[in-house]
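Each protein sequence line maps, in turn, to chains A and B.
The opening position of the first sequence corresponds to residue 1 in UniProt numbering, with each subsequent residue numbered one higher.
The opening position of the second sequence corresponds to residue 1 in UniProt numbering, with each subsequent residue numbered one higher.
For the record, the hints were derived by calculation from the structure and aren't laboratory data.
Warning: the hint list may mix true and false statements.
[As the list claims (entries may be wrong)] Now the in silico label distances, taken between C-beta atoms and shown as ranges: (1) B:MET327 - A:GLN74: 54 to 60 Å; (2) B:GLY337 - A:GLY140: 17 to 23 Å; (3) A:SER248 - B:GLU252: 36 to 42 Å.
[To be verified] Just a sample of chain A residues kept apart from chain B, beta carbon distances all over 12 Å, derived: (4) ASP221; (5) GLU233; (6) GLY337.
Only a predicted model underlies this, so the values are computations on that prediction, with no experimental measurement involved.
Note that CB positions come from ideal geometry on N, CA and C, so glycine has one too.
There are 2 protein chains.
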Amino acid sequence: MSKPKVLIIGSGGVGAISALSLTTTNKSEVTLVVRSDYDLIDKQGFSINSCTYGELKNWKPHHIARSVKDAQTQYGPFDYILLTTKNIPDGPITCEEIIQPAIKTGNEVIILLQNGLGIENPMVEAFPGHIVLSGVSLIGSTYIDGHVRNPGRDHVFLGDFKPESERLPGSAEKIEEFISIYQTPDNKNTIVLDTNVQKRRWEKLIYNSVFNVISALVELDNCRTQMTVQNDELIRPAMYEVIAIAKSEGIECDESLVDKYIHIGDGLFYVPSMGIDAHKGQLIELETILGNPMRIAKKNNVSTPILSTLYPLLKLVQFRLKEKRGMFTIDKNDFQGNSDVYPKVFAEKYGKH
Amino acid sequence: MSKPKVLIIGSGGVGAISALSLTTTNKSEVTLVVRSDYDLIDKQGFSINSCTYGELKNWKPHHIARSVKDAQTQYGPFDYILLTTKNIPDGPITCEEIIQPAIKTGNEVIILLQNGLGIENPMVEAFPGHIVLSGVSLIGSTYIDGHVRNPGRDHVFLGDFKPESERLPGSAEKIEEFISIYQTPDNKNTIVLDTNVQKRRWEKLIYNSVFNVISALVELDNCRTQMTVQNDELIRPAMYEVIAIAKSEGIECDESLVDKYIHIGDGLFYVPSMGIDAHKGQLIELETILGNPMRIAKKNNVSTPILSTLYPLLKLVQFRLKEKRGMFTIDKNDFQGNSDVYPKVFAEKYGKH
Numbered sequence: 001m002s003k004p005k006v007l008i009i010g011s012g013g014v015g016a017i018s019a020l021s022l023t024t025t026n027k028s029e030v031t032l033v034v035r036s037d038y039d040l041i042d043k044q045g046f047s048i049n050s051c052t053y054g055e056l057k058n059w060k061p062h063h064i065a066r067s068v069k070d071a072q073t074q075y076g077p078f079d080y081i082l083l084t085t086k087n088i089p090d091g092p093i094t095c096e097e098i099i100q101p102a103i104k105t106g107n108e109v110i111i112l113l114q115n116g117l118g119i120e121n122p123m124v125e126a127f128p129g130h131i132v133l134s135g136v137s138l139i140g141s142t143y144i145d146g147h148v149r150n151p152g153r154d155h156v157f158l159g160d161f162k163p164e165s166e167r168l169p170g171s172a173e174k175i176e177e178f179i180s181i182y183q184t185p186d187n188k189n190t191i192v193l194d195t196n197v198q199k200r201r202w203e204k205l206i207y208n209s210v211f212n213v214i215s216a217l218v219e220l221d222n223c224r225t226q227m228t229v230q231n232d233e234l235i236r237p238a239m240y241e242v243i244a245i246a247k248s249e250g251i252e253c254d255e256s257l258v259d260k261y262i263h264i265g266d267g268l269f270y271v272p273s274m275g276i277d278a279h280k281g282q283l284i285e286l287e288t289i290l291g292n293p294m295r296i297a298k299k300n301n302v303s304t305p306i307l308s309t310l311y312p313l314l315k316l317v318q319f320r321l322k323e324k325r326g327m328f329t330i331d332k333n334d335f336q337g338n339s340d341v342y343p344k345v346f347a348e349k350y351g352k353h
Numbered sequence: 001m002s003k004p005k006v007l008i009i010g011s012g013g014v015g016a017i018s019a020l021s022l023t024t025t026n027k028s029e030v031t032l033v034v035r036s037d038y039d040l041i042d043k044q045g046f047s048i049n050s051c052t053y054g055e056l057k058n059w060k061p062h063h064i065a066r067s068v069k070d071a072q073t074q075y076g077p078f079d080y081i082l083l084t085t086k087n088i089p090d091g092p093i094t095c096e097e098i099i100q101p102a103i104k105t106g107n108e109v110i111i112l113l114q115n116g117l118g119i120e121n122p123m124v125e126a127f128p129g130h131i132v133l134s135g136v137s138l139i140g141s142t143y144i145d146g147h148v149r150n151p152g153r154d155h156v157f158l159g160d161f162k163p164e165s166e167r168l169p170g171s172a173e174k175i176e177e178f179i180s181i182y183q184t185p186d187n188k189n190t191i192v193l194d195t196n197v198q199k200r201r202w203e204k205l206i207y208n209s210v211f212n213v214i215s216a217l218v219e220l221d222n223c224r225t226q227m228t229v230q231n232d233e234l235i236r237p238a239m240y241e242v243i244a245i246a247k248s249e250g251i252e253c254d255e256s257l258v259d260k261y262i263h264i265g266d267g268l269f270y271v272p273s274m275g276i277d278a279h280k281g282q283l284i285e286l287e288t289i290l291g292n293p294m295r296i297a298k299k300n301n302v303s304t305p306i307l308s309t310l311y312p313l314l315k316l317v318q319f320r321l322k323e324k325r326g327m328f329t330i331d332k333n334d335f336q337g338n339s340d341v342y343p344k345v346f347a348e349k350y351g352k353h
């Protein structure tokens, strides 16, 4: 039997190391889509500095492609589509639109190795019949201009996000197969089955919905934030709000994670990815990190005084980023009447943004 | 009897028009302290475009001075010290330190024509025995590089902020005198006695503690904010929190101001001053606009879920601005341990900031 074919979409810190893991085990044929930096990577490959894989120069997976469409034409069809891009449903292109050109046989297994909540259902709705798996990565890895800095070991939790009774046939076997082609024999990485991957997502949100969100607003690293505002004044109670929302869905997060996450960056002066994105003028993963949890809080009547203030503020930041990126151009004439109707006017005249 | 001498400290939009009002009536001898732009104003005066005073070129009051000390030496002592600077008690110099060089006879009347709450007591403590008056300006006026744009009529409410029983002798007469030298005969401006000027301050905070604060965080004009976030989602409930804090102090604000302020900028795409300051890298009037109200809310156990989230976020913005202005330089070695103690370490090693 021939090796399974894996398409990885997203060549940032997570995607590059996933490609490296899969290429290292060599139990699959790996195609990596490299969009903006295709020419750079095509010419000189990745330069990688990894805590587990060491120093690599001019490294490439089996194949790279400039677009999902090119990948499909040249190296498809694929058995697995591993999505490691940011998930910004309010951005110029949704994740469903991104993978569309790679859907060919109807048997592609879609793996969402992305942050945030509520990302699986839109994919299931767009591609019914496909097995959609949910992955949570705990890696520390950043990509800049061809260079991957990977100080935190690649650690993936993989599972079917649906309750057992609703899972498609073959789901368990596909998880098992993907784990077997991804896990390196010498434990350079770890990939394990997670039977409750939604809980894992909520637990990661305890960090992301608080530290990421605050950094996008104030553009400080976590240590500077923590020297200005007592952990108990803002960060800790906000984290407990995330736990309360999860609980309203029947998910009991490990509360010891609050202290763990509060102190995980002590002394490191680390800027969360959302803070970096906002600073660089990139759109932020607002709706999957904060918007979807807030909609659940509202549905279940959970009191979230801090997050309910952070969310509209972050919507304003996202608005500013979108406008600066030219996603819309405000005509002041459209906003001369009563400001109560501005959101309606905006939605009608400027589309989904 | 010779004319009273007035020293105006702060030559921004408010101070320049105050100087113009006083010089126009010509019932006092006016000295204006112009700090950073002294050479410019000394050479060519102010260029003023005013809704009531019209177009003026090369305009100057009776005297200008480069510093409070120079003003005192050359044109003092003064009967009135009118302070129109920003009030930033956590900045490099407090308002008490600013006016210190102008205190000579012990009879100077100090008038605080500034925004915010809790600004009078520090002045009374620094200069006991001096009459301290409190002024609220409703002017629309901005100063940039020698040019004053004054689209909103000069309207001042002036009063003694203390309860009647605690007022110093002569306070009422001084208010009356200042009004008489400030009010133009042809009603180009309006200055009136306000017997409850604290209420007026709280009412102005309904706007400033919300719109100013949000703009400093997200750097958008109010209309853009209002097209992204429903007025009822953030702005209106935040304004009601200000009203609730005032009420806990026995001050009943006019609640119709909420709607008035929400719609006062409809169609104008106006950026509040705090948003402009933050954008320009200037320190913001955080403690007088939001910090002091929050301390009252805490003392009186008022529930302020939105403002209690905004306040720490704004402290982070102020921190960022202070660091960028070189008010301190963080040594990362000081912040390597448990982040719970970072605020204490910061306070001890980096002083009051």
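Results for each hint:
1. The given range of 54 to 60 Å is respected by MET327 of chain B and GLN74 of chain A, whose C-beta atoms sit roughly 57 Å from each other.
2. Here the CB-CB span from GLY337 of chain B to GLY140 of chain A is close to 21 Å, well matched to the stated 17 to 23 Å.
3. Distance hint check: the CB atoms of SER248 of chain A and GLU252 of chain B are about 38 Å apart, consistent with the given range 36 to 42 Å.
4. A Cβ of chain B approaches the Cβ of ASP221 of chain A within 12 Å, the least distance being about 10 Å, so the stated non-interface status is violated.
5. A beta-carbon of chain B is positioned within 12 Å of the beta-carbon of GLU233 of chain A; the least distance is around 5 Å.
6. With a least CB separation of 7 Å from chain B, GLY337 of chain A falls inside the 12 Å interface cut-off, contrary to its annotation.
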